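> Sequence:
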Amino acid sequence: ASGEGVGPVDAVISALRKACSEQIDFSLSNYKVDIRDQGTDAVVYVELALKRQGESSLGTGTSPDIIQASIEAFEEAYNGFHQESASSRKAA
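Under our numbering, the first residue of the sequence shown is numbered -17, with each subsequent residue one higher.
Treat the hints loosely; a few may be bogus.
Heads up, simulated DSBU-like pairs for lysine-lysine below, C-alpha to C-alpha not over 35 Å straight-line [said to hold, decoys possible]: (1) K0 <-> K14; (2) K33 <-> K0; (3) K14 <-> K33.
Distance ranges between label pairs, derived from CB positions [unchecked claim]: (4) Q50 <-> G21: 28 to 34 Å; (5) S(-4) <-> D47: 31 to 37 Å; (6) S38 <-> V15: 30 to 36 Å; (7) Q65 <-> G21: 20 to 26 Å; (8) S38 <-> D(-8): 15 to 21 Å; (9) D19 <-> S(-4): 17 to 23 Å; (10) S45 <-> L10: 17 to 23 Å; (11) D19 <-> H64: 16 to 22 Å; (12) N12 <-> H64: 15 to 21 Å; (13) G21 <-> H64: 35 to 41 Å; (14) L40 <-> A(-7): 35 to 41 Å; (15) R34 <-> A(-3): 16 to 22 Å; (16) A24 <-> H64: 15 to 21 Å; (17) N61 <-> Q20: 16 to 22 Å.
Honestly, the hints are just simulated from the structure, not real lab data.
Note that the coordinates shown come from a computational prediction; the quantities given were computed from them, not determined experimentally.
Glycine included, every Cβ here is placed at the ideal spot set by N, Cα and C.
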């Protein structure tokens, strides 16, 4: 899937939203970047929060590449909603 957005991270999230087989309506409510170390050994730490219907799901990602770290964080947060939905279906 492809996506457009304001900057590469927004475009990646847009593409991932399109590619997800189970559509979950959410918004990005927080995005934080911390650069660990310096120079060529720098590692990017991304923390983001997705919000839907008043509930939040957090995700983190770590990589030398900010896009990869953002994808990892998005995947973790998105899967948090998916696991939450599956748990509530099992309980019903």
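> Does each hint hold? Answer for all of them.
How the hints compare with the structure:
no. : hint                      : result
1   : K0 <-> K14                : holds, 23 Å
2   : K33 <-> K0                : holds, 17 Å
3   : K14 <-> K33               : holds, 15 Å
4   : Q50 <-> G21: 28 to 34 Å   : violated, 19 Å
5   : S(-4) <-> D47: 31 to 37 Å : violated, 18 Å
6   : S38 <-> V15: 30 to 36 Å   : violated, 18 Å
7   : Q65 <-> G21: 20 to 26 Å   : violated, 38 Å
8   : S38 <-> D(-8): 15 to 21 Å : holds, 19 Å
9   : D19 <-> S(-4): 17 to 23 Å : violated, 30 Å
10  : S45 <-> L10: 17 to 23 Å   : holds, 19 Å
11  : D19 <-> H64: 16 to 22 Å   : violated, 33 Å
12  : N12 <-> H64: 15 to 21 Å   : holds, 19 Å
13  : G21 <-> H64: 35 to 41 Å   : holds, 38 Å
14  : L40 <-> A(-7): 35 to 41 Å : violated, 22 Å
15  : R34 <-> A(-3): 16 to 22 Å : holds, 19 Å
16  : A24 <-> H64: 15 to 21 Å   : violated, 31 Å
17  : N61 <-> Q20: 16 to 22 Å   : violated, 32 Å
Hint violations for this structure: numbers 4, 5, 6, 7, 9, 11, 14, 16, 17, all remaining hints satisfied.
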